[in-house]
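Residue numbers (the numbering used here), protein chains in the order written: chain A, 1 to 133; chain B, 1001 to 1045.
These are calculated hints, taken from the structure and not from any lab test.
Watch out, some of these pointers could steer you wrong.
Subject to a maximum C-alpha distance of 20 Å in a straight line, what follows is the list of computed DMTMM-like cross-link-like pairs (lysine to aspartate or glutamate) [to be verified]:
id	chain 1	residue 1	chain 2	residue 2
1	A	7	B	1037
2	A	64	B	1037
3	A	129	B	1037
Beyond 12 Å from chain B on every Cβ pair, some chain A residues (computed) [claimed, not checked]:
id	residue
4	12
5	18
6	21
7	37
8	86
9	100
10	110
What you are looking at is a predicted structure, and each value in this text was computed from that prediction instead of being measured.
Using N, Cα and C, we set each Cβ at its ideal position, and we do this for glycine too.
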Amino acid sequence: MKFSKSKWFAYTLLVGLIPVLIRLLVWFVAASDLVEPITAIDLITFGLVLNASVINEVEHLPAKDHEWKSAQNGLAIASITFHGALYAMAVFGDKVDGVVNGDATLGAAILLASMSMLIALVNFHHLVKRSSK
Amino acid sequence: MTIGTAIVYLIGALGAIVGIGGSIWSWRITNRLYPSEKKKTRTKK
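Work out the full structure: start from the sequences and follow the hints.
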């Protein structure tokens, strides 16, 4: 099966980035401090979309890639768990003052989103290599 | 530092370890399953 790079870029990366891009657009248009340019929850959404796409991509691989499939499924599920836990902390921090440091939540969200991007790129590399054989 | 912030740091650290470690592991599996052409055609002289 041929792997389409443009399809992956459009469906996964751009769709995952929609919350981040829309918030940036609103922040730019509003030109005030009412809207924050970047939030932890948008980045967590981006990470979740990337991990869900990884699970979907590995679903259709042949038996030869069994080990790869197990590794990617495990990684994506662990990553989704971390994203879920961080989402809970972000929601809790929004509602209760002084319990969770907002900057720490944003930093952790940026780190987790970067890790999801790394996992998705490794998956992308595998699918490109596989389709070129 | 509050307990909530400590948990957030812990989640970030664990996520980074799993992400980097898992990516390296996956990269190695890919290269073993689909070796590059150069490696494939190399022969002993």
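Results for each hint:
1. A:7 / B:1037: Violated, at roughly 26 Å.
2. A:64 / B:1037: 19 Å, holds
3. A:129 / B:1037: 11 Å, holds
4. 12: Fine: 17 Å to the nearest Cβ keeps residue 12 of chain A off the interface.
5. 18: 22 Å, holds
6. 21: 23 Å, holds
7. 37: 20 Å, holds
8. 86: Label violated. Min Cβ-Cβ 5 Å, cutoff 12 Å.
9. 100: 4 Å, violated
10. 110: At roughly 9 Å from the nearest Cβ of chain B, residue 110 of chain A sits no farther out than 12 Å, so the non-interface label is violated.
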